[in-house]
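J.: Single-letter residue listing:
2 protein chains.
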Amino acid sequence: MSDLHALDTYFSEKRETHLEELKEFLRIPSISALSDHKSDMLNAANWLADSMKKAGLENISIDETKGHPVVYADWLHAEGKPTMLIYGHYDVQPVDPLHLWESEPFDPQVRNNKLYARGASDDKGQVYMHVKAIEALFATEGELPVNVKFCIEGEEEIGSPNLPAYVEDNKEKLAADIIVISDTGMQGPGQPAVCYGLRGLCGVQIDVKGAKGDLHSGLYGGGVQNAIHALVNLLDSFRDEEGSITVEGFYENVRPVTDEEREAYRALGFDEEALKEEIGVGELFGEKGYSHLERTWVRPTLEVNGVFGGFSGEGIKTVLPAEAGAKITCRLVPDQDPEEIVEKLKSHIEKHKPVGVEVTVTEFDKGKPFITPFDHPAIQAAGRSYEKVYNVPTAYTRGGGSIPIVAAFDEILGLPVVLMGFGLSSENFHAPNEHFHLENFDKGLRVIGDYFHEIAEFPAGGLKKS
Amino acid sequence: MSDLHALDTYFSEKRETHLEELKEFLRIPSISALSDHKSDMLNAANWLADSMKKAGLENISIDETKGHPVVYADWLHAEGKPTMLIYGHYDVQPVDPLHLWESEPFDPQVRNNKLYARGASDDKGQVYMHVKAIEALFATEGELPVNVKFCIEGEEEIGSPNLPAYVEDNKEKLAADIIVISDTGMQGPGQPAVCYGLRGLCGVQIDVKGAKGDLHSGLYGGGVQNAIHALVNLLDSFRDEEGSITVEGFYENVRPVTDEEREAYRALGFDEEALKEEIGVGELFGEKGYSHLERTWVRPTLEVNGVFGGFSGEGIKTVLPAEAGAKITCRLVPDQDPEEIVEKLKSHIEKHKPVGVEVTVTEFDKGKPFITPFDHPAIQAAGRSYEKVYNVPTAYTRGGGSIPIVAAFDEILGLPVVLMGFGLSSENFHAPNEHFHLENFDKGLRVIGDYFHEIAEFPAGGLKKS
Chain A
1 MSDLHALDTY
11 FSEKRETHLE
21 ELKEFLRIPS
31 ISALSDHKSD
41 MLNAANWLAD
51 SMKKAGLENI
61 SIDETKGHPV
71 VYADWLHAEG
81 KPTMLIYGHY
91 DVQPVDPLHL
101 WESEPFDPQV
111 RNNKLYARGA
121 SDDKGQVYMH
131 VKAIEALFAT
141 EGELPVNVKF
151 CIEGEEEIGS
161 PNLPAYVEDN
171 KEKLAADIIV
181 ISDTGMQGPG
191 QPAVCYGLRG
201 LCGVQIDVKG
211 AKGDLHSGLY
221 GGGVQNAIHA
231 LVNLLDSFRD
241 EEGSITVEGF
251 YENVRPVTDE
261 EREAYRALGF
271 DEEALKEEIG
281 VGELFGEKGY
291 SHLERTWVRP
301 TLEVNGVFGG
311 FSGEGIKTVL
321 PAEAGAKITC
331 RLVPDQDPEE
341 IVEKLKSHIE
351 KHKPVGVEVT
361 VTEFDKGKPF
371 ITPFDHPAIQ
381 AAGRSYEKVY
391 NVPTAYTRGG
401 GSIPIVAAFD
411 EILGLPVVLM
421 GFGLSSENFH
431 APNEHFHLEN
441 FDKGLRVIGD
451 YFHEIAEFPA
461 GGLKKS
Chain B
1 MSDLHALDTY
11 FSEKRETHLE
21 ELKEFLRIPS
31 ISALSDHKSD
41 MLNAANWLAD
51 SMKKAGLENI
61 SIDETKGHPV
71 VYADWLHAEG
81 KPTMLIYGHY
91 DVQPVDPLHL
101 WESEPFDPQV
111 RNNKLYARGA
121 SDDKGQVYMH
131 VKAIEALFAT
141 EGELPVNVKF
151 CIEGEEEIGS
161 PNLPAYVEDN
171 KEKLAADIIV
181 ISDTGMQGPG
191 QPAVCYGLRG
201 LCGVQIDVKG
211 AKGDLHSGLY
221 GGGVQNAIHA
231 LVNLLDSFRD
241 EEGSITVEGF
251 YENVRPVTDE
261 EREAYRALGF
271 DEEALKEEIG
281 VGELFGEKGY
291 SHLERTWVRP
301 TLEVNGVFGG
311 FSGEGIKTVL
321 PAEAGAKITC
331 RLVPDQDPEE
341 IVEKLKSHIE
351 KHKPVGVEVT
361 VTEFDKGKPF
371 ITPFDHPAIQ
381 AAGRSYEKVY
391 NVPTAYTRGG
401 GSIPIVAAFD
411 EILGLPVVLM
421 GFGLSSENFH
431 APNEHFHLEN
441 FDKGLRVIGD
451 YFHEIAEFPA
461 GGLKKS
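Residue numbers (UniProt numbering), protein chains in the order written: chain A, 1 to 466; chain B, 1 to 466.
Hints listed in this document are in silico derivations from the structure and should not be mistaken for laboratory results.
The list cannot tell twin chains apart, which means a pair is met if one copy fits it or any two copies do.
In silico DSSO-like cross-links for lysine-lysine, where the CA-CA straight-line distance does not exceed 27 Å:
| hint | residue 1 | residue 2 |
| --- | --- | --- |
| 1 | Lys209 | Lys317 |
| 2 | Lys353 | Lys276 |
| 3 | Lys346 | Lys209 |
| 4 | Lys366 | Lys344 |
| 5 | Lys209 | Lys276 |
| 6 | Lys317 | Lys346 |
| 7 | Lys66 | Lys173 |
| 8 | Lys351 | Lys288 |
| 9 | Lys344 | Lys317 |
| 10 | Lys212 | Lys276 |
| 11 | Lys209 | Lys288 |
| 12 | Lys465 | Lys366 |
| 13 | Lys317 | Lys276 |
| 14 | Lys317 | Lys66 |
In this text the structure is predicted, and so the values were computed from the model without any measurement.
Chain A extracted, bound-state conformation:
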């Protein structure tokens, strides 16, 4: 096992140096979405590669893609030990609206033990922690307890358009036993969490067309199908009054939540009253028989994201609208397949198509759900590392959102994914005044250092996805 004391001493001594280094990294405005920042993207990639070299990593390369490059590095001398692939990103979100920032987004400042800068938490700070954990292990132990590969991309904030192809083309180079990602959040301040599943996504746009053009509601009203009436009838058919999705076979492949998971979620003591207050609703609403966490973590959804048709200006226009449309997306859970669900949506629409209109369905991009079993040793090991440093039980959570690149890794490389996040949901990712609680920077370095040793307890090939 790791010598947490030695790591602790090392990180304490180097704290100022590390913070100054991280600030250097944060000063590079590597906004992937803006073409003006192309050279900043290269500077950030180079800075990261240098930092990896200093830390003792090898085979460092800045790999071209059709977009911004991927920074690769490895250290593969832990014979017989598992290989850990660490994914993260060096690009950041744009900074608008600039006037809402209390200090400049690319002039990092520490206030109240929080580091303010764009990318402090998402994700430069967390990527940097992995590099420094490795530096610390080399410094205190002379070598790493496991094999390590880094794959740090520059396009996460624009949807990782080129990473799946990069992973596909570099399957051998990226081969590993587990993937570790630090780009998510903790359960709350002082409450560490390992996220072991995320929902997938699929969706369709439904366009309803009645008459050739809008009609006068006086002259034709009552005698011709109204596209909005037809649409709302169709939309209402997707869900029952209690929030269950009524699309045939929708729940067919949903992996049931285990008693152990339910118990673990209950133990988190999620505060539904606080949530109601936060989002401003009088009551929560969702599928009967499930708690709010279960509804958002382990149950699939179908949400109408937008609806449009007819006249929406001020006042009245007595039109019988010829066209109406809606956008629908589903969050999917294991083992639902996005392709299959879209087919089921289409069958449902066909079956419930109202008379007197044509209905067109357009598919959106799809993403698979992912789950690493709750009791997978790599997940449980991460939980133990958190507990050693935070001295409280780790929460084993799932996320309601979708990180498509996680699903892509899961699909292409077929490895267990461990999401070890150190951010807090209050840290304004993607918003003005992004910051990172330095308490979690400090503790996180120790958690990551320890996790290398936890994983070293398993033999190479001993962490297969069940």
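On the provided structure of chain A, position chain B as indicated by the hints.
T.: Below, chain B alone, put in the same frame as chain A:
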């Protein structure tokens, strides 16, 4: 009875003169909606007053209102005979888009026996016919067979904002036995029609509000009520699958269509196939057990005119929308009361309010339905006058639309309303290349002339609304 032969001779001799005079009237660009045309409005009112004077009418006045003036005239020397109030308007619609006109809108041109100009059919041409019919009766008979009052307004195309107050303030001056309006259409070329009823109107906007703001559909989806889901559920509850309105008591006061009326509508031989072709639908849709004409003439409706909420741009946005809304209007038939129907809509909304959202209801302007009984002698008399000139049976029709000012006349003066239209639906009212078929100008003059004599068959006070 009238001497149709004498009228015929008079109108034939004067045809060129009348057409030239009407062209003069049409050259005045009396667009009520545009303030630049204020002096044109006065010119048109003066032109009409002069024309009435030449025709032999008396007590001519141009009565101020808060907007454009009303032209009043009368002739009240037919002792013991009924008084006919003739309503029409001297204002016209704007002419945009000008480039689509084949000849200038205010440079009247005759092509293929059609008079092209803004206002040719709606409504200067039809108003002018009434004035000329009176001139002809004076010329051929020396007097009028009934008493006559004219009330020709200048704000019909902007919704008659000041006419109800004018009518209310001049109840005595406008007192009459029947109101005759020539501002509607015939059933088709060569097919005369008397319209004896119009639908009323009421409506509401429904605004649904869930959470304080839009939520991330991954983080919250499945656990919080979606404003669009709630709205479509509510909207879908207004109508059953067969097109009947399910609002409690909605049909309560609907006057049943009589067997005689149904037979009369059937006899019109309405071509539903042609309608489908015209509006581009594969099938018509509406309340079970009613023909298309019945659905649009004698049955009330509830139509969603617009719906909005969430994201309607290109592609996908995985938002759980906090707000959504819809606009609904009802076309009402006798004896539905708009105030009562709005109350019923509100009760329905309250009863079907989905959980987890707030619902706000805003009322729109209301208009009552109107009907002069099908078998009212003034209606049947109009039918006879048409038949004498057109030599085909008159259609007794109702309109699906609402002309609020007709309902206002009906309500304030409590008189039978006779809609004797000479327009054709193909004549581009409100659109470029408005025109008037001169066949109906010629025949209409004779119909109106005859109608004065038809009405003279009744004693004063003998035409009460049943």
